[in-house]
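Going by the UniProt record's numbering, the first residue of the sequence shown is number 1, and it counts up by one from there.
There may be inaccurate statements among the hints.
Straight-line C-alpha distance at most 20 Å; calculated PhoX-like pairs for lysine-lysine [said to hold, decoys possible]:
#1 Lys107 to Lys25
#2 Lys449 to Lys361
#3 Lys112 to Lys25
#4 Lys568 to Lys558
#5 Lys361 to Lys531
The following label-pair restraints were derived from C-beta to C-beta distances [claimed, not checked]:
#6 Leu620 to Arg565: 46 to 56 Å
#7 Ala159 to Arg565: 17 to 27 Å
#8 Ala614 to Ile583: 25 to 35 Å
#9 Val591 to Asp699: 15 to 25 Å
#10 Lys568 to Asp699: 21 to 31 Å
Bear in mind the hints are in silico, worked out from the structure with no lab data behind them.
Where is the CB? At the ideal position from N, CA and C, for every residue including glycine.
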Amino acid sequence: MDTSVLPIIVLLPLVLGTTLVSWLKQFSRGVTAFGAIGVSLIVFALLLTQANSVFNGAVISQSWEWLPQAGINLSFRLDALGLLFALLISGIGTLIYIYAYYYLSPKNSLSKLYFLLMLFMSAMLGISLSNNLIILLVFWELTSISSFLLVGYWSNYEAAQRGSRIALTITGMGGLAMLGGFVLLGQITGTYEIDQLFSMSSQIQQHALFVPALLLILLGAFTKSAQFPFHFWLPNAMAAPTPVSAYLHSATMVKAGIFLLARLLPIFAGAALYHNIVTFTGLFTLCMAAFFAIFKEDLKGLLAYSTISHLGLIVCLLGIGSPLAVAAAVFHIINHATFKAALFMIAGIVDHESGTRDLRKLSGLWQLLPFTATLTMITAASMAGVPLTNGFLSKEMFFTELLANLSGPVMVVSAITATLAGVFAVAYSVRLVHGVFFDGPVGKDVPNKNAHEPAFGMRAPATLLAVLCILVGILPALLVEKIVNSTTQASTQSAVFEGTHLAIWHGFNLPLLMSLIALLGGLIFYFSLAKGGKIREIDLDPALGKLQGKILFELFLKHLLLTSRKIKRATENGSLQSYLVWIVAFSIVIVAMPLLSQGLTTGTRELTHASAIAIVLWLLLFSACWMMLWFHHERIKAVLISGAVGLVVTMIFVTMSAPDLALTQITVDVVTTVLLLMSLSLLPQLTPYESSRSRRWRDAIIAILAGLGIGWISWLIMTRDHSSISWFFMQQSIPLGGGTNVVNVILVDFRGFDTFGEITVLGIAAVGVLCLMDGMRSHGTVMTQGLTFRFNPSPLMFRMTASWVLPLALVVSLYIFLRGHNLPGGGFIAGLITALALIIQYIALGQDKAEQLLKAKSGRLYEIWIGTGLVIAGLTGLGSWFWGRPFLTSAHVYVSPPVIGEMHLASAALFDLGVYITVVGATMLMISILGDSRHSSMSGPLPKGE
Numbered sequence: 001m002d003t004s005v006l007p008i009i010v011l012l013p014l015v016l017g018t019t020l021v022s023w024l025k026q027f028s029r030g031v032t033a034f035g036a037i038g039v040s041l042i043v044f045a046l047l048l049t050q051a052n053s054v055f056n057g058a059v060i061s062q063s064w065e066w067l068p069q070a071g072i073n074l075s076f077r078l079d080a081l082g083l084l085f086a087l088l089i090s091g092i093g094t095l096i097y098i099y100a101y102y103y104l105s106p107k108n109s110l111s112k113l114y115f116l117l118m119l120f121m122s123a124m125l126g127i128s129l130s131n132n133l134i135i136l137l138v139f140w141e142l143t144s145i146s147s148f149l150l151v152g153y154w155s156n157y158e159a160a161q162r163g164s165r166i167a168l169t170i171t172g173m174g175g176l177a178m179l180g181g182f183v184l185l186g187q188i189t190g191t192y193e194i195d196q197l198f199s200m201s202s203q204i205q206q207h208a209l210f211v212p213a214l215l216l217i218l219l220g221a222f223t224k225s226a227q228f229p230f231h232f233w234l235p236n237a238m239a240a241p242t243p244v245s246a247y248l249h250s251a252t253m254v255k256a257g258i259f260l261l262a263r264l265l266p267i268f269a270g271a272a273l274y275h276n277i278v279t280f281t282g283l284f285t286l287c288m289a290a291f292f293a294i295f296k297e298d299l300k301g302l303l304a305y306s307t308i309s310h311l312g313l314i315v316c317l318l319g320i321g322s323p324l325a326v327a328a329a330v331f332h333i334i335n336h337a338t339f340k341a342a343l344f345m346i347a348g349i350v351d352h353e354s355g356t357r358d359l360r361k362l363s364g365l366w367q368l369l370p371f372t373a374t375l376t377m378i379t380a381a382s383m384a385g386v387p388l389t390n391g392f393l394s395k396e397m398f399f400t401e402l403l404a405n406l407s408g409p410v411m412v413v414s415a416i417t418a419t420l421a422g423v424f425a426v427a428y429s430v431r432l433v434h435g436v437f438f439d440g441p442v443g444k445d446v447p448n449k450n451a452h453e454p455a456f457g458m459r460a461p462a463t464l465l466a467v468l469c470i471l472v473g474i475l476p477a478l479l480v481e482k483i484v485n486s487t488t489q490a491s492t493q494s495a496v497f498e499g500t501h502l503a504i505w506h507g508f509n510l511p512l513l514m515s516l517i518a519l520l521g522g523l524i525f526y527f528s529l530a531k532g533g534k535i536r537e538i539d540l541d542p543a544l545g546k547l548q549g550k551i552l553f554e555l556f557l558k559h560l561l562l563t564s565r566k567i568k569r570a571t572e573n574g575s576l577q578s579y580l581v582w583i584v585a586f587s588i589v590i591v592a593m594p595l596l597s598q599g600l601t602t603g604t605r606e607l608t609h610a611s612a613i614a615i616v617l618w619l620l621l622f623s624a625c626w627m628m629l630w631f632h633h634e635r636i637k638a639v640l641i642s643g644a645v646g647l648v649v650t651m652i653f654v655t656m657s658a659p660d661l662a663l664t665q666i667t668v669d670v671v672t673t674v675l676l677l678m679s680l681s682l683l684p685q686l687t688p689y690e691s692s693r694s695r696r697w698r699d700a701i702i703a704i705l706a707g708l709g710i711g712w713i714s715w716l717i718m719t720r721d722h723s724s725i726s727w728f729f730m731q732q733s734i735p736l737g738g739g740t741n742v743v744n745v746i747l748v749d750f751r752g753f754d755t756f757g758e759i760t761v762l763g764i765a766a767v768g769v770l771c772l773m774d775g776m777r778s779h780g781t782v783m784t785q786g787l788t789f790r791f792n793p794s795p796l797m798f799r800m801t802a803s804w805v806l807p808l809a810l811v812v813s814l815y816i817f818l819r820g821h822n823l824p825g826g827g828f829i830a831g832l833i834t835a836l837a838l839i840i841q842y843i844a845l846g847q848d849k850a851e852q853l854l855k856a857k858s859g860r861l862y863e864i865w866i867g868t869g870l871v872i873a874g875l876t877g878l879g880s881w882f883w884g885r886p887f888l889t890s891a892h893v894y895v896s897p898p899v900i901g902e903m904h905l906a907s908a909a910l911f912d913l914g915v916y917i918t919v920v921g922a923t924m925l926m927i928s929i930l931g932d933s934r935h936s937s938m939s940g941p942l943p944k945g946e
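Whenever a hint applies, use it, and build me the whole structure from the sequences.
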């Protein structure tokens, strides 16, 4: 396999899959399903082509530098562990897509479900194949977001919305904690590359930050895999469509935490804290959830708690951490994926055909659904650990490793707990089969007493999985032994592991006795509970009180909301002056605290005399600032004076030989002045006066302290010698960036990522203005005071003059853009010049006429410009990856076309073009929306005085 295919496997569902299902929905549901199944099969086939080599020990890896200074690279790694999970994700995903086509009614959007499932699949593939902790975290959070959308698929059901919020909150908080753990690992080792961390386990475990890093990472894994006490989010996610539940429980969401523990096992193995926490958390979760599952009245609720229990079993094995225990965990991961996906599909069939999944109403469905009942018996037997099924083998391996790796009273208690969990597992499995398909005739409460077997396509995925449960149970050595051993080796990185032999018979021993006790005890326990009628869900609320995960979570959210409201009422009073007081005062304290203890005084650098021009500019700046202070209540004057301050700053840049800064300052100053003047149409003409003399003194003192503080810090810096990095940029501007204008080369090459972020923020701000103004319009708030501003047609002479300005300005803008890489200029300045030329057309022709000529009515054109500019800039940055270079690395060449002569071409020009288009689009969108007649007479609430 070409290693560059690894990111393609991850991105195939995200890019091709989502696009395809969105496009195919216009044809038919069948075509949409065919497209989704096809994409999933392609991913499965690409992975399958590497199964032979990878399961024989090969490791395929690929890495692209992204932010190497921060240790963040796009690194992917395909070993046996990653391949196993990726095969489960794509293989079971394909079956889910087939099942979903039959399960979902034509009234519901199949393309929407496929779209979200594709997003989910891509995120899980990213987790499985990532070799960088930070990139893994990105995909980790994407699973939380996509599962939130999937669980809340039924947008009109309150239970679905509540369940999705709980799932997102719990797993999101865990992901945030895990980020902290990853950062600490990076601080300990200096790298985020997972394969490099394997060789540093002793260094990591001996470091003082190991314990907090371990606890934070375990918090992320436990929340994602629903371990106690974070298990409660998973049953609340049962409001999702059944195909989602089947996928989430068998191969994706909840397996992410399991994968993380298996992936990082070589780092944590040997640390007693890790083994104790993980082993006994898993063991307790195993028994607790199995007990609760017995009494659930919702079929999917029973399966949800059984999932939590089986996840606890796997976590316990990974906590034990020996190679054979990990082998048992890997084997059970495979087995659980097969029987649990099948059981959820069967639950969907029962619900789909009978009209209910309430165990109190279901009985005797064997008469109506004999084939489905057979499938249920096979898969439920696997879940219970009945001999000749795959679940029996992995559960017996669990008992064996529990006895082999623990000793003394701990071993006895653990063995009893595990056996009890086995008893409970058999009980809820028997209840699933007996309570739904037998236990009397067809229940009188079943809504559809004429239920029948569903279409073959709906049964086929569950049938295939049920067959695998039997085949693996009978022929484990032939079918999965090599996969289990190679995956165990990849997870443990053990040099002494020689593999384990999977067989259906290991002789008479204590684990077999524990299995027999679990089988017989489970049958006796269930039928004794069911004697005399249906099993009722136990009400544990009186006994547990508020010590329940869901109740504690809701109390936490309640108090968080109440506290935030109190803070809001105390601080948010609608007064801009109060907000500024808090912001400036807080800034003063935060900056002063570390500096006051330093005893900083004037440095030893030799001072120079101020030139005459410096004194003149300082006096102009002082005068402008004093005028701003004097007239700040009169908003028009304040805006014009702020423009004057900008002009003085521009002159300062000119005198200090900073032409790029001067050009940027003057263009930004003009555009912002226009924007501010237009914004005044939405505000009263006067800023409210301070309500008392004490407030004025308070504001004056805070302002003086802030000004003196900034002046003091500036003085301390300027009177000290410092080591500048400007020499690096001066030396490397031409050889690395291909330009003599160092400022522009820094912006589009050395710090291009910062610039990309800045234009993104600019585009978001423009769209934010659009949303804000549309919101004001929808509320219909009418302006009662303030200025009115509209771009109305100007006199004929001005219109004629403006008609000459636009082409001239565009020529100047093109000139500024083209010279930017070697002389003062660039895309940002050129974009502002173009925007100014267009603003002049608005003033001359009127907004309606100008937008009619530009075909930019309602700002639609400018929104397209913003998106186009960002796409061009982003694609330019991505292009460098194809040559193995970091994001936005510039390339430059010299060409000699006929007639023109030698030309210097740089890829940074394309990035600068994206900057140019984005700046023009964002500026004009804000201008057009503020001047739109639909908004010119509207405003929000007037500011309150103090």
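Taking the hints in turn, this is what the structure says about them:
1. Lys107 to Lys25: Judged against 20 Å, a Cα distance of about 13 Å means the pair holds.
2. Lys449 to Lys361: holds, 11 Å
3. Lys112 to Lys25: At roughly 9 Å apart (the allowed maximum being 20 Å), Lys25 and Lys112 satisfy the hint.
4. Lys568 to Lys558: holds, 15 Å
5. Lys361 to Lys531: holds, 17 Å
6. Leu620 to Arg565: 46 to 56 Å: The hint (46 to 56 Å, Cβ to Cβ) holds, given that Leu620 and Arg565 are roughly 48 Å apart.
7. Ala159 to Arg565: 17 to 27 Å: Hint holds: Cβ distance 26 Å, inside 17 to 27 Å.
8. Ala614 to Ile583: 25 to 35 Å: holds, 31 Å
9. Val591 to Asp699: 15 to 25 Å: holds, 19 Å
10. Lys568 to Asp699: 21 to 31 Å: Between Lys568 and Asp699, where Cβ atoms are some 23 Å apart, the hint holds.
Hint check: no violations occur; every hint is consistent with the structure.
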